[in-house]
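Trainee: In case you want the letters, here they are:
Protein chains: 2
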Amino acid sequence: MEEKDRANVCHEREPEMTKKIDITELILRDAHQSVMATRMSLEDMVPACEDLDKAGYWSVECWGGATFDSCIRFLNEDPWERLRTFRRLMPNTRLQMLLRGQNLLGYRHYEDGVVDRFVEKAAETGIDVFRVFDALNDIRNLERAVAAVRRTGKHAQGAISYTVSPLHTTGGFVDLAKKLLDRGCNSICIKDMAALLKPRAAYDLVRGIKDACGEETRVQVHVHATTGVTLVSLMKAIEAGADCVDAALSPLSLGPGHNPTESVVEMLQGTEFETDLDKGRILKLKQYFNTIRPRYQEFLSNITGVETEIFESQIPGGMISNMESQLKQQKAGDRMAEVLAEVPKVRADAGFPPLVTPSSQIVGTQAVFNVLMGKYKVLTGEFVDLMLGYYGETIGPRNPEVIAIAAGKSTKEPVTCRPADLLKPEWQELRKAALELPGCNGSDEDVLTYAMFPQVAPKFFATRDEGPKNLGKDPGAQPAAAPGAAPVVDNGKGPVRSPITYNVKLKGITHQVTVTPA
Amino acid sequence: MEEKDRANVCHEREPEMTKKIDITELILRDAHQSVMATRMSLEDMVPACEDLDKAGYWSVECWGGATFDSCIRFLNEDPWERLRTFRRLMPNTRLQMLLRGQNLLGYRHYEDGVVDRFVEKAAETGIDVFRVFDALNDIRNLERAVAAVRRTGKHAQGAISYTVSPLHTTGGFVDLAKKLLDRGCNSICIKDMAALLKPRAAYDLVRGIKDACGEETRVQVHVHATTGVTLVSLMKAIEAGADCVDAALSPLSLGPGHNPTESVVEMLQGTEFETDLDKGRILKLKQYFNTIRPRYQEFLSNITGVETEIFESQIPGGMISNMESQLKQQKAGDRMAEVLAEVPKVRADAGFPPLVTPSSQIVGTQAVFNVLMGKYKVLTGEFVDLMLGYYGETIGPRNPEVIAIAAGKSTKEPVTCRPADLLKPEWQELRKAALELPGCNGSDEDVLTYAMFPQVAPKFFATRDEGPKNLGKDPGAQPAAAPGAAPVVDNGKGPVRSPITYNVKLKGITHQVTVTPA
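Protein chains in written order, with the working numbering: chain C, 84 to 601; chain R, 84 to 601.
It should be emphasised that the hints constitute simulated quantities derived from the structure, not laboratory data.
Keep in mind that the hints are not guaranteed to be accurate.
Note that the list lumps identical chains together, so a pair holds whenever it fits in one copy or between two copies.
Here are the simulated DSS-like cross-link-like pairs (lysine-lysine), alpha carbons at most 27 Å apart as the crow flies [what the hints assert, rightly or not]: (1) Lys262 / Lys495; (2) Lys411 / Lys204; (3) Lys411 / Lys262; (4) Lys411 / Lys367; (5) Lys428 / Lys362; (6) Lys367 / Lys428; (7) Lys137 / Lys515; (8) Lys552 / Lys428; (9) Lys204 / Lys137; (10) Lys411 / Lys495; (11) Lys458 / Lys137; (12) Lys458 / Lys362; (13) Lys204 / Lys362; (14) Lys458 / Lys556; (15) Lys103 / Lys137; (16) Lys204 / Lys458; (17) Lys428 / Lys507; (18) Lys102 / Lys492; (19) Lys556 / Lys103; (20) Lys204 / Lys460; (21) Lys552 / Lys362; (22) Lys507 / Lys411.
Keep in mind that this is a model prediction, so the values were computed, not measured.
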């Protein structure tokens with residue numbers, strides 16, 4: 084049977100042969116990042132590694148910017164050591180990481196030499212599959228990292244940051260896929276971080292890539308679950324020919340996370356598609372992570388329902404809560420509606436970037452500033468950089484008037500070149516700075532850790548010898564959950580968080596007391 | 084385009100015309116029954132009725148056994164009055180109820196005269212669509228109720244209790260659909276109360292019914308969300324030709340509930356199917372029920388993930404928790420694995436009934452008895468009745484040895500007739516008993532209330548004058564939820580939850596202070 088006939092016949096007759104659908108398991112990276120504030124410690128992952136390794140996954144995603152950051156910021160864990168442990172405990176499964184193109188794991192562009200060294204070191208330490216993306220889908224921000232991956236002999240997966248706008252079309256995404264393949268990517272990922280990819284669009288995009296780039300082009304689909312429709316999108320993507328889909332074991336799935344691995348396995352039963360996953364091990368893993376989850380109660384996302392409003396606003400849930408907290412800090416919590424109306428205008432002025440880290444924060448913060456202080460009266464440094472081209476090219480032209488305002492508030496000139504071309508070799512300088520830090524062991528790994536997170540690395544180097552901290556707690560030892568706060572909380576009131584200042588009346592006198600739960 | 088070609092082409096070209104998919108909204112009945120222990124009061128439903136009425140639903144399910152029971156048991160509400168209120172506030176939308184065939188809303192078979200009177204009264208009071216099902220799929224337990232509905236001129240929907248067993252086949256369910264149509268049903272419902280209906284099976288079953296009974300046969304699909312795959316099943320059912328699907332607004336969806344209405348609407352965008360729902364009203368309804376849900380915190384289901392184990396065990400989640408609590412009462416909580424292994428054996432001995440109320444409880448309790456007291460040493464009265472044919476016919480033969488044991492422990496003989504044929508007219512007797520109760524107003528409605536719930540009605544009649552009780556509570560006034568019960572907060576600091584007792588150090592002295600956020 085021809086691959087392209089698949090969708091056409093899958094309902095109509097008994098399957099004569101089944102196509103194996105590969106699965107990437109997200110629980111060690113994006114899943115706990117999305118639903119558990121990236122706090123899971125290596126100690127709680129280790130007991131699962133044997134089953135993860137033997138369950139039959141195509142790959143296990145286990146490394147990325149937020150997990151790296153969390154390791155050194157909260158867990159006093161060396162992220163390179165974590166990766167080495169995964170490699171040792173999962174010898175049979177591809178280990179996968181998410182790489183922000185020229186940003187690597189940080190929030191700025193790095194000079195090419197640093198990109199090369201980072202990729203080499205990650206490959207050497209254990210990464211098999213590098214998923215490389217850029218927030219603006221500017222291919223120039225991806226190509227150096229992709230080339231570096233290819234030199235190591237590892238799998239370079241080029242990711243399309245999926246979004247919806249008046250300018251984004253299936254054809255445009257397909258063209259981007261072609262470019263990624265031209266640059267040497269071994270496969271294409273459709274990366275839908277905001278759960279905007281609807282079933283029909285998923286079908287069309289996967290089919291479009293296969294039609295344009297060849298049936299043999301490996302296509303993988305990554306979707307979040309926030310809007311509640313994306314398991315259907317995975318089904319349609321598979322019918323259209325997708326080779327691999329991402330999922331997360333159910334204890335850390337749904338809400339802002341991903342679709343449950345178990346559900347992906349089961350939904351294919353009886354179709355002409357199947358996964359190779361070992362259901363016994365999957366169940367064991369589910370049971371294991373069900374014992375881990377309650378230990379991180381205080382870090383769990385309070386979103387468990389679905390948020391289809393995202394389809395209208397195209398503003399991801401995480402971005403809304405960021406803007407809400409910015410407004411509240413300015414005692415302007417009542418102006419959210421204005422901000423929500425402002426976001427699409429700022430996004431249009433900025434040339435319709437996908438709203439994903441860091442563009443979501445840049446656009447959202449500028450929208451807040453516009454509402455509070457007048458339209459483009461005050462610009463953030465990041466918004467200036469975005470308007471002047473320092474993050475790369477956007478799909479649409481940026482508003483010349485706003486570019487002029489940005490240029491007027493900056494000493495920089497607008498640029499159109501690849502942003503990283505403006506950077507000078509920086510490795511020696513980074514190395515020198517890192518080696519001066521107490522506790523830095525002088526290795527390239529430590530230099531890279533410093534390069535990625537220069538604010539956080541110094542404290543980590545200084546405390547590393549104290550060993551990892553596990554932030555999980557015995558459920559009985561945690562403060563009781565707030566009644567009503569739990570599963571819903573998009574009702575505008577927001578959960579109570581600490582530290583909080585209370586007015587406490589004690590023996591008739593009111594004291595202002597700031598408290599933090601013990 | 085021929086209806087039967089639909090699934091074949093839906094992905095392949097731009098839709099030239101779209102088919103309207105009808106939606107039944109479950110939030111006033113099955114949704115709060117499944118995720119909020121059926122506790123929502125009429126007072127909290129009333130503000131939603133106008134939007135529900137004008138949102139464009141095909142029907143609003145709002146009445147059934149558990150809601151009727153909860154009205155008189157917990158809420159001191161007259162269920163007939165509730166229905167009259169719905170009728171008044173939703174003049175434009177079909178009101179729908181779930182009827183357990185010859186059991187009506189109770190747990191025993193009623194004599195035909197009672198069935199007729201109940202249906203007449205329900206139709207007169209406001210029900211437009213009667214979804215009629217039998218736990219054993221014994222058509223004889225449905226036909227009297229269906230005939231009664233048809234006499235009122237209302238819509239009789241015959242429901243297939245979907246299950247999975249070695250004996251249940253697509254062909255068998257299609258035959259049942261034919262029989263239901265022969266008996267006069269206006270439409271067919273595939274009722275999947277345990278979330279067992281996988282996408283492929285959903286497609287095959289809908290298509291099978293359409294092929295066998297004609298494309299014009301109206302098919303509606305009701306699925307729960309427990310296993311996480313059934314939104315995909317709804318998509319495949321729609322591709323196969325389903326005309327209407329059930330959904331619940333997201334604040335009371337997922338887990339043991341249903342798929343979110345918003346997600347059903349959105350997943351169809353861009354396909355050749357669409358709903359007619361008014362998204363603005365849907366969003367307004369979502370926001371409204373998000374304010375209601377926290378008021379019922381103490382009644383919320385603690386299941387928010389997915390349970391694909393059900394596919395293996397075929398034991399619905401609710402049944403497992405019942406058995407667990409039975410075992411714990413007997414201080415045998417450690418014997419769950421034995422009980423889980425026993426259930427399929429008991430189900431096989433009983434001729435493979437679907438596991439739905441009441442068969443799930445009957446089979447589950449007998450499995451517990453078998454484990455604790457020896458195989459069929461002690462039988463429940465209900466299990467005896469099931470084995471002797473007093474619930475009707477099962478799909479498979481029942482084990483003759485177990486029938487003999489049941490007969491030996493009972494004064495009853497095995498029967499093969501329609502169980503209700505054994506009953507004598509009982510209306511006058513029920514009427515006489517009801518009228519003797521203090522507070523009974525002598526109406527047929529009160530007699531029917533007594534007939535359905537003879538244990539509960541007397542107290543309700545006696546207290547009715549005190550008026551409805553709303554069990555919802557201001558979230559701040561509720562006892563704190565158990566840690567681990569529900570997900571909370573992701574800001575990393577550990578949420579402050581109220582009320583909480585802190586040790587507060589003030590001017591060197593530690594005070595214990597209990598605080599509630601203002």
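Trainee: If any of the earlier hints don't hold here, list their numbers in rising order.
Mentor: The structure breaks hints 1, 2, 3, 7, 8, 10, 11, 12, 13, 14, 16, 17, 18, 19, 20, 21, 22; every other hint is satisfied.
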